[in-house]
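Residue numbers (the numbering used here), protein chains in the order written: chain A, 1244 to 1357; chain B, 49 to 210; chain C, 6 to 94.
Incorrect hints may have been included.
[As the list claims (entries may be wrong)] If you want a taste of the chain A side facing chain C, the calculated C-beta under 8 Å gives, among others:
| # | residue |
| --- | --- |
| 1 | Glu1250 |
| 2 | Ala1264 |
| 3 | Ile1269 |
| 4 | Pro1275 |
| 5 | Leu1339 |
These are computed hints drawn from the structure, not numbers from a lab. For glycine and all other residues, C-beta sits at the position ideal for the given N, C-alpha and C.
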Amino acid sequence: MPDALIEIFISIFLLIGGAFALIGSIGLARLPDLFTRLHGPTKATTLGVGGILIASVLHFSSRAEGLSLHELLVTLFLFATAPVSAYLIACAALHLRTPAPEDHRRLDRTGGEE
Amino acid sequence: MNRWLPQPMFSLFLWLVWLLLANSLEPGHIVLGAFLALALPLFTVRFWPDQPCMGRPRTLMAYLAVFLWDIVIANLTVARLILGPVRRLRPAFITLPLDLKNDFAITVLAHSLSLTPGTVSSKVSEDRRTLLIHVLDLDDEDQLIQRIKKRYETPLKEIFPC
Amino acid sequence: MLSSAILVAFVCIATALVLNFWRLFAGPTLPDRILALDTMAINTIALLVLLGIHQNLTEFFEAALLIAMMGFIGTVALCKYLLRGDIIE
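So here's chain A without its partners, still in its complex pose (with noise of 0.2 Å):
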């Protein structure tokens, strides 16, 4: 593939990734609750670091040396741990009975089992 083909690929990609990640923590400044809070940073922020990444594959992959692959494995492991993160922070709020919002009422009918 010609140089500057990859250039603007590349390009796309940092843009993507740079949204996303900051879509992700405006989501984290800005929603009311502990719980929707947790919705941006696991799914817009991995997402973006995601995108960012591929383009660093792209990057040197796209140079002399030949493939570069192991970026891959930085975005793998992330995909596999913020949802874990996400799980251990959602289970301490609800063992510390954060305070939720109107809306998060139910929660006193579906959540008390410990």
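For chain A, the structure is supplied; the task is to place chains B and C on it using the hints.
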């Protein structure tokens, strides 16, 4: 499985991870990776009391394709919800009754739900019968449960039959 | 073209880190702060990888992998502490 290769899939995974980590396909790394992939499962086999049995590799592939597609959709949905008006969100907890019995299958289901549209798994009950899920914008509870069961739980039941 | 895309991505990640830091500062509960720290670790990985592309160096990869692992282990340890009041049982 047999005595010297207790977990063939795990060994294959370890070997691939080693090659990715070394970032080369030199013969030395291939041999060293193969050695580690054979030795590590032998030492750690006692940490895995019940082995997940795998059936139907084709269902697994179809599941992975659906899963990757849903991750992209999930992110667009969540981006729209985050950037949209916060007061219009309808966050809620729902409980999903689990049909899966295997611990590993439940883990995979909870993991998939956390990465796909608008849901984060929050707690598996002690008796492994229900899964507490937080939904960012709940429209219709029964419809969502039906969708999860059809889209994720049914293929997982085929992939992990025990 | 590539350098301007890298610059835009740098600005995005830096803004994200500032927002995370604000959440870390504002709280209000401990799980909120743990979540903010976890997100900061993930964004730092993105920053390091971007720096690697910018300077054309692969050496940052190891650091990124280590931060990914340490961030995850840190999150797990902190949550375990909140859940049990103890890390090693």
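Handout entry: Violations among the numbered hints
Key = Hint 4 is the one this structure does not satisfy, whereas the remaining hints hold.
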